[in-house]
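A.B. asks: These are the residues of each chain, in order.
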Amino acid sequence: MAKADIKVPEMHEYPVLPILQADAMKGSGPYIAKAGFQDPLGYPGELVDNWEDKAVEKMGDLLSRFRSLRVYLDSCVRCGACTDKCHYLLGTSDPKNMPVARQDLLRQVYRRYYTLPGKLFGKMGWQWGLDLIGAKEMNKDVLDDWYNYYHQCSQCRRCSVFCPYGIDTADISMAAREIMDSIGQGQKYCNEIIGKVYKIGNNLGLPERALRDTLEGLEEDIEDETGVKVRLPLDEKGAEVLLITPSADFFAEPHVDGLMGYAKVFHEAGISWTISSYASEGANFGMFIGSYENMRQISLRIRKAALDLGVKRIVFGECGHAWRVAYSFLNTLAGPFDFLDPHYPVPQHICEITSGLVKEGKLNLDKSRNDDMVLTFHDSCNVARASRMGNVPGGQFIIPREVIKAVCNNFHDMEANTIHDETFCCGGGGGLLTDDLMDLRVKGALPRMQALKNVVEEHGVTHMAAICAICKSQFTKVLPYYGFNMDKIVSVHQLVSNALILTGQEED
Amino acid sequence: MWFLTGFYALFFYFAVIVLVAGVGYKIYEYARTPAPLKVPTMPAPLTRGGVVLRLMGEVVLFRSLFRSNKWIWLFGWMFHFGLLLVLLRHLRYFTDPVWGWVALLQPFGKYAAFAMVIGLIGLLVRRFTVERIRYISNPSDYLMLALLLLIGVSGMMMTFVVHTDIIQLKAFFLGAMSFGWQPIPSDPILLLHLTAVFLLMIIFPYSKLLHAPGIFFSPSRNQVDNSREKRHLAPWAAELEKAEAK
Ligand code: SF4
Ligand code: SF4
Numbered sequence: 001m002a003k004a005d006i007k008v009p010e011m012h013e014y015p016v017l018p019i020l021q022a023d024a025m026k027g028s029g030p031y032i033a034k035a036g037f038q039d040p041l042g043y044p045g046e047l048v049d050n051w052e053d054k055a056v057e058k059m060g061d062l063l064s065r066f067r068s069l070r071v072y073l074d075s076c077v078r079c080g081a082c083t084d085k086c087h088y089l090l091g092t093s094d095p096k097n098m099p100v101a102r103q104d105l106l107r108q109v110y111r112r113y114y115t116l117p118g119k120l121f122g123k124m125g126w127q128w129g130l131d132l133i134g135a136k137e138m139n140k141d142v143l144d145d146w147y148n149y150y151h152q153c154s155q156c157r158r159c160s161v162f163c164p165y166g167i168d169t170a171d172i173s174m175a176a177r178e179i180m181d182s183i184g185q186g187q188k189y190c191n192e193i194i195g196k197v198y199k200i201g202n203n204l205g206l207p208e209r210a211l212r213d214t215l216e217g218l219e220e221d222i223e224d225e226t227g228v229k230v231r232l233p234l235d236e237k238g239a240e241v242l243l244i245t246p247s248a249d250f251f252a253e254p255h256v257d258g259l260m261g262y263a264k265v266f267h268e269a270g271i272s273w274t275i276s277s278y279a280s281e282g283a284n285f286g287m288f289i290g291s292y293e294n295m296r297q298i299s300l301r302i303r304k305a306a307l308d309l310g311v312k313r314i315v316f317g318e319c320g321h322a323w324r325v326a327y328s329f330l331n332t333l334a335g336p337f338d339f340l341d342p343h344y345p346v347p348q349h350i351c352e353i354t355s356g357l358v359k360e361g362k363l364n365l366d367k368s369r370n371d372d373m374v375l376t377f378h379d380s381c382n383v384a385r386a387s388r389m390g391n392v393p394g395g396q397f398i399i400p401r402e403v404i405k406a407v408c409n410n411f412h413d414m415e416a417n418t419i420h421d422e423t424f425c426c427g428g429g430g431g432l433l434t435d436d437l438m439d440l441r442v443k444g445a446l447p448r449m450q451a452l453k454n455v456v457e458e459h460g461v462t463h464m465a466a467i468c469a470i471c472k473s474q475f476t477k478v479l480p481y482y483g484f485n486m487d488k489i490v491s492v493h494q495l496v497s498n499a500l501i502l503t504g505q506e507e508d
Numbered sequence: 001m002w003f004l005t006g007f008y009a010l011f012f013y014f015a016v017i018v019l020v021a022g023v024g025y026k027i028y029e030y031a032r033t034p035a036p037l038k039v040p041t042m043p044a045p046l047t048r049g050g051v052v053l054r055l056m057g058e059v060v061l062f063r064s065l066f067r068s069n070k071w072i073w074l075f076g077w078m079f080h081f082g083l084l085l086v087l088l089r090h091l092r093y094f095t096d097p098v099w100g101w102v103a104l105l106q107p108f109g110k111y112a113a114f115a116m117v118i119g120l121i122g123l124l125v126r127r128f129t130v131e132r133i134r135y136i137s138n139p140s141d142y143l144m145l146a147l148l149l150l151i152g153v154s155g156m157m158m159t160f161v162v163h164t165d166i167i168q169l170k171a172f173f174l175g176a177m178s179f180g181w182q183p184i185p186s187d188p189i190l191l192l193h194l195t196a197v198f199l200l201m202i203i204f205p206y207s208k209l210l211h212a213p214g215i216f217f218s219p220s221r222n223q224v225d226n227s228r229e230k231r232h233l234a235p236w237a238a239e240l241e242k243a244e245a246k
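Just so you know, the protein sequences line up as chains A and B, in that order.
Numbering of the first sequence is given in my numbering, commencing with residue 1 and proceeding in unit increments.
Numbering of the second sequence is given in my numbering, commencing with residue 1 and proceeding in unit increments.
Isolated chain A (complex conformation) (with noise of 0.2 angstroms):
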């Protein structure tokens, strides 16, 4: 979509309710995968014949094997509490992007087949039954709709902080996205990044040759700049530790300044690591379509990335959403780790390990190299909502934040409840990064742009720092709609690069 097409909305000093818009982001939503797309992950080329039923009978399913979507879809009560806490709401005012509206799509197919009062309705063909419970029979607007603003959640769990439920949207997108898949109606942008990692190894499909090119021209940069040869080293057996870490980090801007200080912090530790040109990738889009089994693929490189490598831990680099699935899932899919060295957690954030180091005293920081920004942090949603680092509850907000202070003189929190757990999404999270939503992310990412400008107007900050490969790319792509330069938003590793001072390097 070109940027004539998209209509910013408005930055108010606070957050303002939108007055609500029936239909606004009505859309046929994002590119539908073709069939080539779909064989890959074992999904349907195409909508199947009887495909209402096939949907009904795959809720039927999951509900079965997911506690949560049958508590989530039986205890909303409809109080309101979560109605103006989503960010895609907020940016769009479309009703329908309010989280329990959201879930009502599920749950009104649910209520009429999987409840007694629906059922009896249903069979009786009282319509006044169906509208009084709010239940409705599957077909061709109920899937639009679905398709549609499924594809408008970015799955941050914001929503879930605050229901008195605990209802996580997230997961109920995820369950509508697993059955569009199986019955043929699939993303064309998750399903083809998935399919890329089976086939080569990585979203991006970068191929081991290429790979190995672009690590030894980063090599060749810190060398340069720094004078002290740093490696970066793949599919090196014996290694201390497999770094996973996303394929953005390999070349786009600014992750792949992040990936140069996670080098640098490993080398100055004495740290022996290693990539993977098998698993050379820390996403897993599974998650956002919400494929146990595809998620379970994915995960499972790792664990034989690991063991053909022989390695004694596993670091995860700057991704949210890997992070989650990391932290939070990739000892049940694909553990059990008791071929690693059982004095470290596995797996261990890149940040655990920079802050342990700092507190060792090990690394020889210099704060002043980082004089020319005022940072402030994003927190990203899978890392904030979703997992956790270090070994106290809260452990991920205080880590990445005493990495950036260690490193830099100047950082200021944005307001309080946009930060921590109560963070916004960058507006592109969840499986939504593609340019045929752009429309949809620019407006995603009002409240924190909101919030970013206004500590740049009360405190002089200058840079944002995050630790998400899709918050970075995202932010590249829509700060400049808010007039705000594209270069605002920094790796946290990259600011730990800067004030990193090598043994031996030439002081300047």
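Just so you know, not all the hints are guaranteed correct.
As the list claims (entries may be wrong) - Once the Cα atoms are required to be at most 25 angstroms apart in a straight line, the calculated DSS-like pairs of lysine-lysine come out as:
(1) B:242 <-> B:230
(2) A:312 <-> B:230
(3) B:26 <-> A:119
(4) B:242 <-> A:304
(5) B:230 <-> A:304
(6) A:359 <-> A:304
(7) A:304 <-> B:246
(8) A:488 <-> A:477
(9) B:242 <-> A:58
(10) A:123 <-> B:70
(11) A:229 <-> A:362
(12) A:58 <-> B:26
(13) A:7 <-> A:477
If you are wondering where the hints come from, they were derived from the structure by calculation, not from laboratory data.
Quick caveat: nothing in here was measured; it's all calculated off a predicted structure.
Starting from the known structure of chain A, arrange chain B with the ligands on it as the hints suggest.
C.D. replies: Just chain B with the ligands, lined up with the frame of chain A:
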């Protein structure tokens, strides 16, 4: 007279059976369905004890709702705790002799009805007036509030305005419970009150009222954050792995 007594006694049995069996079955279903992934909303407690505290915070104080919206919290909390006291007060119609603490509770329970009804009115007004909540409301959401209001107001009428014969009422319930029926007082307000209560009990297992057991089974609130330390595997996922290993 006997027709009325018989009707209400049978209605009472039916409502109790539907409520107990329906909710019991739901709880069984929740308990039986695994939560295959660790999905607590973080930050989450690291121990079982911590989870108990977290759930207590939700059930007793409505902590998440408090963070979310102070008005809904206020009205919701008034309603639920009003209701709790009122319900406990009603135990006296079902026990003989009345337990000491239930007797002590009587005056509080009497006035808790006001909190309950004010809370309900607040929730209903918000449902009508707040555009976002109006949008998400189904007819059943209004009817459920109306039913609860009917229960609350008819009950208060009997407490404060037109008293009913509670001795006779108690005889009816104790009789019904021991299958020796005693006549029910035939005041219209009492009959209205009982009809509404029995209806609510019947609706319970098939409606959003399931949030009451639901909260205890909500994986985002009841899981321990220990995924790195302890492998969490659902039975069907274990089957999947076994099938693959073959
Ligand atoms: S906060 Fe929870 S219970 Fe209330 S409307 Fe939203 S999803 Fe439903
Ligand atoms: S998970 Fe996030 S994007 Fe999805 S409905 Fe909830 S708040 Fe909105």
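A.B. asks: Now tell me if each hint is right for this structure.
C.D. replies: These are the hints, each one checked on the structure:
1. For a cut-off of 25 angstroms, the pair hint linking residue 242 of chain B to residue 230 of chain B stands: about 19 angstroms separates their Cα positions.
2. Restraint check: the Cα-Cα separation between residue 312 of chain A and residue 230 of chain B comes to about 18 angstroms, which is no more than 25 angstroms; the hinted pair holds.
3. At roughly 17 angstroms between alpha-carbon atoms, residue 26 of chain B and residue 119 of chain A fall within 25 angstroms of each other, so this suggested pair holds.
4. Straight-line distance between C-alpha atoms of residue 242 of chain B and residue 304 of chain A comes to about 18 angstroms, which keeps the hinted pair within the 25 angstroms bound.
5. For the given pair, residue 230 of chain B sits about 20 angstroms from residue 304 of chain A by alpha-carbon distance, which is consistent with the 25 angstroms threshold.
6. Taking the CA atoms of residue 359 of chain A and residue 304 of chain A, the gap is about 33 angstroms. The hint is violated against a cut of 25 angstroms.
7. Distance check on the hinted pair: residue 304 of chain A and residue 246 of chain B sit about 18 angstroms apart at the alpha-carbon level, within 25 angstroms; holds.
8. Annotation: proposed proximity of residue 488 of chain A to residue 477 of chain A holds, straight-line Cα distance about 11 angstroms (limit 25 angstroms).
9. For the hint linking residue 242 of chain B to residue 58 of chain A, the alpha-carbon distance of about 23 angstroms falls within 25 angstroms, and the restraint holds.
10. A C-alpha spacing of about 42 angstroms is found between residue 123 of chain A and residue 70 of chain B, which places the hinted pair above 25 angstroms, so the restraint is violated.
11. Distance hint between residue 229 of chain A and residue 362 of chain A is fulfilled; the C-alpha atoms sit about 19 angstroms from each other, no more than 25 angstroms.
12. Restraint check for residue 58 of chain A and residue 26 of chain B: the C-alpha separation of about 20 angstroms stays at or below 25 angstroms, so the hint holds.
13. Taking the CA atoms of residue 7 of chain A and residue 477 of chain A, the gap is about 15 angstroms. The hint holds against a cut of 25 angstroms.
Of the numbered hints listed earlier, those contradicted by the structure are 6 and 10.
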